[in-house]
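When you get a sec, could you build the whole thing from the sequences and use the hints?
Chain order of the listed sequences is A and B. To convert, note that position 297 of the first sequence is 297 in my numbering; the numbers rise steadily by one, no gaps. To convert, note that position 274 of the second sequence is 1274 in my numbering; the numbers rise steadily by one, no gaps.
Source of the hints: derived by calculation from the structure; they are not laboratory data. Predicted, not measured: the structure shown is a model, and the values here were computed from it. We treat Cβ as the ideally placed atom computed from N, Cα and C, and that holds for glycine. Please note that a few of the clues may not be correct.
Lysine-lysine pairs mimicking DSS-like chemistry, simulated, CA-CA at most 27 Å apart [said to hold, decoys possible]:
1) B:K1062 - A:K336
2) B:K1034 - A:K34
3) B:K1058 - A:K58
4) A:K34 - B:K1058
5) A:K349 - B:K1058
6) B:K1096 - A:K34
7) B:K1344 - A:K58
8) B:K1336 - A:K58
9) A:K96 - B:K1096
10) B:K1336 - A:K34
11) A:K62 - B:K1009
12) B:K1058 - A:K344
13) A:K336 - B:K1349
14) A:K9 - B:K1062
15) A:K337 - B:K1058
16) B:K1034 - A:K336
17) A:K360 - A:K337
18) A:K62 - B:K1376
19) B:K1034 - A:K58
20) A:K62 - B:K1336
21) A:K58 - B:K1349
22) B:K1062 - A:K344
23) B:K1034 - A:K9
24) B:K1058 - A:K9
Chain B is nowhere near these chain A residues, computed Cβ spacing over 10 Å in every case [said to hold, decoys possible]:
25) V143
26) S155
27) N282
28) P315
Protein chains: 2
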Amino acid sequence: MECQDYGLKRDTERNNLNLNPLQRGGVLPVEARKALYEFSDGYSACDYCAGRLDEISKPDIKGFIDDLATFINIDHARTVHGAREGKFAVMHSLCKPGDTIVIDGNAHYTTHVAAERAGLNMVEVPNTDYPNYEIRPEGYKEVLDDLNDNGEDISLVLLTHVDGNYGNLTDSSSIGKIAHDTGVPLLLNCAYSMGRLPIDAKKLKADFVVGSGHKSMAASGPIGVLGLKDEWADTVLQRSDRHAVKELEMLGCTSRGAPIASLMASLPFVIERLKKWDEEVNSTRKFVDTMERMKGVTQLGIKPTEHDLVRFETPLFDNIAENHPRRGFFLYEELKKRNIVGIKRGQTKWFKCSIYGFSKEQKDYIGESFVNIVNKYLDM
Amino acid sequence: MECQDYGLKRDTERNNLNLNPLQRGGVLPVEARKALYEFSDGYSACDYCAGRLDEISKPDIKGFIDDLATFINIDHARTVHGAREGKFAVMHSLCKPGDTIVIDGNAHYTTHVAAERAGLNMVEVPNTDYPNYEIRPEGYKEVLDDLNDNGEDISLVLLTHVDGNYGNLTDSSSIGKIAHDTGVPLLLNCAYSMGRLPIDAKKLKADFVVGSGHKSMAASGPIGVLGLKDEWADTVLQRSDRHAVKELEMLGCTSRGAPIASLMASLPFVIERLKKWDEEVNSTRKFVDTMERMKGVTQLGIKPTEHDLVRFETPLFDNIAENHPRRGFFLYEELKKRNIVGIKRGQTKWFKCSIYGFSKEQKDYIGESFVNIVNKYLDM
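Next up, the structure:
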């Protein structure tokens, strides 16, 4: 048989300023590129395995797993294939099909599919709707109280630490307390926070945390982090009857290859970059100011934003598109001319973006570019 | 916090002749190294996603998935994180906790942990024991007949196409027929075959096949292949109620990063190398002859071998070790001096190895090296 040409090139995304929030936190530092090269081949993490991935000492995966638990201040850490796989592992081991869990209205779709795969019913805590779409602790309290009043058992409370639509940072500590007051553990989805901002699972009152290496920890995907408190270790890290060292939810071992090497190489870099989180938020706020000075551009979500992912509604761009010969494609094309990518082609009513990790000059340039594009058409 | 030095180097395994069977089929060709470089960053496969990984057209994952299904002659293909994750997806969607499945006595430990994780009972078809450890169709027939006679429902029959202990190639076609005669589908674990030898799922009478990119398809792990017949698509590829395009067992998407790019880049290379499978088997047989000419070295498993993974019992090396100042470490150290690695340190009673993918000169050199080591000590 003949294979098609799969077009395995990514120059556009690698060589331009990419505003796609999904891609900003997963850019590899040079150390991780080197590790990826060393561990490119197949089962490369497993040369010196004595039975369990998280106990390998060459490379020092064991030491890394210990550091990872320290990094997020939780008792046990494991690598998984991603945040979604971590959520499923918790749900599958902790809950039975038919159980009910409480989730936030801003939950990522993978929370829904993980719960569906585990056969669980989801009850949602709604957000505050337009324009802030906030998830509030009192919403969790209300939903949990109602369920309790109806005699419904809840197996798990899940909260999205920072959601992927509005970049809203939620109050995990208060929601964790509310969950614990009703005797239910909290699973915190940190896919958009772990690796960008400091995570202290104890302070956040989370029993379980999941993170995403490819989304926010400067690692080559797919790889994620699962952290859990000791009291849940027997359940979530239950071992095989036949193979005493193998953990069932991990299917023995998880990330047996290059991604774990890249995550390991990136951890020191990630620890350093967390220290600049406040700067990142401040420069995002400045960027939002620049954008909002244009009439017809409004940031949605919590204001001022507390995260680098921001969503704008942009009737201004939509109006320009209406009279533009390229219609909705004009924005993508004007940005591309300026070496900026990551806003979906054709999209002008609203968009999400992030300037996380760029230099000050690049950040300024991105804001100015949007202003210049608008000025070009307003002057016409 | 300060990270430890994780020792992220793999020079020994990269720069020497590595006989570890786990590593032989996962060595990347140059095209895959380039793809890994292009797609190093985080969520790199997802720049142009419209909702589902297997439908992305840039890079052409959709075309690749179609090619993959053609490659193994089955109706549907998906990438998963590895063979074990593919097995679990089938078991979890097809069976209910408490169900019984039939597996072979040479099954990989991941078959056991996948079944345990899915809450299944396993009934084993024993192998023929020392020295061949064969899995025979009549063994499956006997076990299935017995279970039927006892009125036991069987949800799934699983067969290891080539096992990882003896490299025994099993008769899938006959066992598939036996399974189908009792109305049960067959899941064929091709972790040690897909990508090394031609797989035709229809001829092999498999309803499901799983393969391993990092083990046998020249890909950077973790990545695997799940193939299935159309009649099982509604069950195994069931979609989310909330997110119409997302498949539950895939948790929406699976290999969202570098490993899928490496598997895509490697497929044309893999298709080519299958054509040399008979040569590989012949040179392995020649290597076995060289080894067995030394008194006290015997290949276990089916003879002559039908795979590159071979297991030797080696009382000869164990005898040398007894009188050697370095004891069992002598073999590892003597091989290392000759730039050969991949036999576990300290192991002399038996070992598994593979010379798959080496040049003729390298293969000859490896055989000669074992002989030279033995001669050195027999002469002393």
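Hint check results:
Between K1062 of chain B and K336 of chain A, the direct Cα distance comes to roughly 26 Å. Compliance with the 27 Å bound is thereby established for this hinted pair. Distance check on the hinted pair: K1034 of chain B and K34 of chain A sit about 14 Å apart at the alpha-carbon level, within 27 Å; holds. Simply put, K1058 of chain B and K58 of chain A have alpha-carbon atoms about 37 Å apart, too far for the 27 Å limit, and the pair is violated. For a cut-off of 27 Å, the pair hint linking K34 of chain A to K1058 of chain B stands: about 26 Å separates their Cα positions.
Among the hinted pairs, K349 of chain A with K1058 of chain B is consistent with the structure: their alpha-carbon atoms are about 24 Å apart, no more than 27 Å. Distance restraint check for K1096 of chain B and K34 of chain A: the Cα-Cα separation of roughly 44 Å exceeds the 27 Å cut-off, and the hinted pair is therefore not satisfied. With a C-alpha separation of about 14 Å, the suggested pair K1344 of chain B and K58 of chain A falls inside the 27 Å cut-off, and the hint holds. Among the hinted pairs, K1336 of chain B with K58 of chain A is consistent with the structure: their alpha-carbon atoms are about 17 Å apart, no more than 27 Å.
The hinted pair formed by K96 of chain A and K1096 of chain B meets the criterion: a straight-line CA distance of about 12 Å does not exceed 27 Å. Straight-line distance between C-alpha atoms of K1336 of chain B and K34 of chain A comes to about 25 Å, which keeps the hinted pair within the 27 Å bound. With a CA separation close to 15 Å, the supplied pair K62 of chain A and K1009 of chain B stays within the 27 Å bound. Between K1058 of chain B and K344 of chain A, the direct Cα distance comes to roughly 14 Å. Compliance with the 27 Å bound is thereby established for this hinted pair.
Proximity of K336 of chain A to K1349 of chain B is assessed by CA-CA distance (about 64 Å); at most 27 Å being required, the pair is judged violated. In summary, the hint linking K9 of chain A to K1062 of chain B is supported, as the alpha carbons are separated by about 16 Å, within the 27 Å threshold. Only pairs whose Cα atoms come within 27 Å are accepted, and K337 of chain A paired with K1058 of chain B is accepted, the gap being roughly 20 Å. Taking the CA atoms of K1034 of chain B and K336 of chain A, the gap is about 25 Å. The hint holds against a cut of 27 Å.
Pair hint K360 of chain A plus K337 of chain A holds up; C-alpha atoms about 20 Å apart against a cutoff of 27 Å. The suggested pairing of K62 of chain A with K1376 of chain B is violated, with an alpha-carbon distance near 39 Å, which exceeds 27 Å. A C-alpha spacing of about 26 Å is found between K1034 of chain B and K58 of chain A, which places the hinted pair at or below 27 Å, so the restraint holds. Between K62 of chain A and K1336 of chain B the alpha-carbon distance is near 26 Å, which keeps this suggested pair within the 27 Å criterion.
The suggested pairing of K58 of chain A with K1349 of chain B holds, with an alpha-carbon distance near 24 Å, which does not exceed 27 Å. Note on K1062 of chain B and K344 of chain A: the hinted pairing holds, with a Cα-Cα distance of about 20 Å set against a maximum of 27 Å. Between K1034 of chain B and K9 of chain A the CA atoms are separated by roughly 9 Å; this keeps the pair inside 27 Å, and the hint holds. Only pairs whose Cα atoms come within 27 Å are accepted, and K1058 of chain B paired with K9 of chain A is accepted, the gap being roughly 9 Å.
The non-interface label for V143 of chain A is consistent with chain B: the shortest C-beta to C-beta separation is roughly 18 Å, beyond 10 Å. With a least CB separation of 16 Å from chain B, S155 of chain A remains clear of the 10 Å interface cut-off, as annotated. Residue-level check passed: N282 of chain A sits 24 Å from the nearest beta carbon of chain B, beyond 10 Å. The beta carbon of P315 of chain A is kept farther than 10 Å from every beta carbon of chain B, the shortest such distance being approximately 25 Å.
Checked against the numbered hints given earlier, this structure breaks hints 3, 6, 13 and 18; the rest are met.
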